[in-house]
Structure formats: C-alpha cells, structure tokens
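J.: The chain contents come next:
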Amino acid sequence: DQQVKQNSPSLSVQEGRISILNCDYTNSMFDYFLWYKKYPAEGPTFLISISSIKDKNEDGRFTVFLNKSAKHLSLHIVPSQPGDSAVYFCAYISFSIQGAQKLVFGQGTRLTINP
Amino acid sequence: NAGVMQNPRHLVRRRGQEARLRCSPVKGHSHVYWYRQLPEEGLKFMVYLQKENIIDESGMPKERFSAEFPKEGPSILRIQQVVRGDSAAYFCASSLTGIGEKLFFGSGTQLSVL
Chain A
173 DQQVKQNSPS LSVQEGRISI LNCDYTNSMF DYFLWYKKYP AEGPTFLISI SSIKDKNEDG
233 RFTVFLNKSA KHLSLHIVPS QPGDSAVYFC AYISFSIQGA QKLVFGQGTR LTINP
Chain B
17 NAGVMQNPRH LVRRRGQEAR LRCSPVKGHS HVYWYRQLPE EGLKFMVYLQ KENIIDESGM
77 PKERFSAEFP KEGPSILRIQ QVVRGDSAAY FCASSLTGIG EKLFFGSGTQ LSVL
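Protein chains in written order, with our numbering: chain A, 173 to 287; chain B, 17 to 130.
These are calculated hints, taken from the structure and not from any lab test. Hints may contain errors.
Computed list of lysine-lysine pairs in BS3-like fashion (alpha-carbon distance at most 27 Å, straight line) [as the list claims (entries may be wrong)]:
#1 A:226 x B:118
#2 A:240 x B:60
#3 A:209 x B:60
#4 B:60 x A:243
#5 B:43 x B:60
#6 B:118 x A:209
#7 B:60 x A:177
#8 A:228 x B:118
#9 B:118 x A:243
#10 A:177 x A:226
#11 B:43 x A:209
#12 A:177 x B:118
Quick list of simulated restraints, FRET-style, between CB atoms [what the hints assert, rightly or not]:
#13 A:248 x B:77: 35 to 41 Å
#14 A:201 x B:99: 34 to 40 Å
#15 A:228 x B:92: 39 to 45 Å
#16 B:32 x A:287: 47 to 53 Å
#17 B:55 x A:228: 30 to 36 Å
#18 A:244 x B:77: 30 to 36 Å
#19 B:56 x A:225: 31 to 37 Å
#20 A:241 x B:115: 25 to 31 Å
#21 A:180 x B:113: 30 to 36 Å
#22 B:115 x A:286: 34 to 40 Å
#23 B:44 x A:248: 33 to 39 Å
#24 B:84 x A:175: 24 to 30 Å
#25 A:199 x B:115: 16 to 22 Å
#26 A:228 x B:79: 41 to 47 Å
Idealized CB from N, CA, C, for every residue including glycine.
Isolated chain A (complex conformation) (with noise of 0.2 Å):
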C-alpha cells in the first residue's frame, strides 16, 4: 500500500531547461511533505519541504507546489544543471502512535541532466 507514489522512475532532461518531478498522496490528513536528493552511494540530503498550509515553497532554484485538491506535489528545478542528476524522493512526516516522526517516502525518481 503505497501512501506516497512518484509514477516516473526516471527523467531525462537538457541542461538549462525545467525539471518537474511529480509526486501524488493518498491520504488528505498528511500535512507536512519533503523532497530529498540522493546521489549514488550516498545517503539522502534534505531538498525543500512544504507544510499544507501553503501551495508553494521556493529556495533558490526549486521550487515545490502542492495541490490539495488533487492530493499532489511537484518539484521544480530551474534552471536544471548536470549536478542535479540524482534520485529524488518526496517523502510527508508521519506520527506514530508511540509520539514518533517518520518519514514515508515514495519510489524516487531518477533525474538526468544531459549537457
């Protein structure tokens, strides 16, 4: 039962031009959303994240819009550079029933900037 889902296991884009990754949720209760990075061999760095109250969170370069009504994020890399060839991961927070946060995260995506 996957509660987070990214449809598109990889993403070629050229350099220069926009990224949009995608992201969809099932439930409407989550309320706080992150994007990590992962590069090979590496463990995950924290990207963006975005609380439901808002629809938009931007930092430099990405962008992340969430649309509640469609139960759907993105990211938004512009412009796109070769060092953003990655995995990226949208993940919401979740809160067990002991008090603890974790995160959930959805299947990755792998971006490739091509020069």
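Following the hints, position chain B against chain A.
T.: Then chain B, alone, in the frame of chain A:
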C-alpha cells in the same frame, strides 16, 4: 550527510550468518533512525531509537532483526541468520530534536547475502 558515520560500507554474508551494522550519529544527536532500501524502491522505515530506548520498531521484521542504541557507543542493527531477501542498502539517520525534517543520513551499508 552532516557527520553520520556508518560502517562497514559494504558487507557480504553467506546465508545463515549474522550481520552487524554500525551507526555513529552526528555528535550531540540522541535520536537515531534505521531505514532499508531494496533495489528500485524507496527507503522504508525500520526503527527509531533514543539513547538506551527503542521508541518505535513498527517497521522492523519481528524475527531475526534487532536494534540498540546504548548509552555509550554506536547504534547497532543486527540481523541474525541472514537470507537473500535481506540484501539491501541500510541507512541510518540521526536527529537533534526527533522532528522528521531534520534528519541527517549516513552513506549507508550495502548488505549482500550470498
């Protein structure tokens, strides 16, 4: 990857052996999480520990897997009697506050079971 150290980076075990994965969190962090990534999948939560306490082990298989975070020393994820299906990348993350956003991940241990 701000200072979470995992070792070994690669671990090869034969079926039935034990695997021990170590994680030293960022200095001063007392919250440790273990995640597992199977090939072509996202990271799946396994267990959340604070010093000397297991807070949430809901993602960990009931048998053969155990985790600890002692008062002194690294956190250990232990897998007994490994099987081929345990082959995966195991990531440790640490946090200062226990808030999900502020997780710092290590580079992972790639476990291969022959």
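J.: Give me the numbers of the hints this structure contradicts, sorted from smallest to largest.
T.: none
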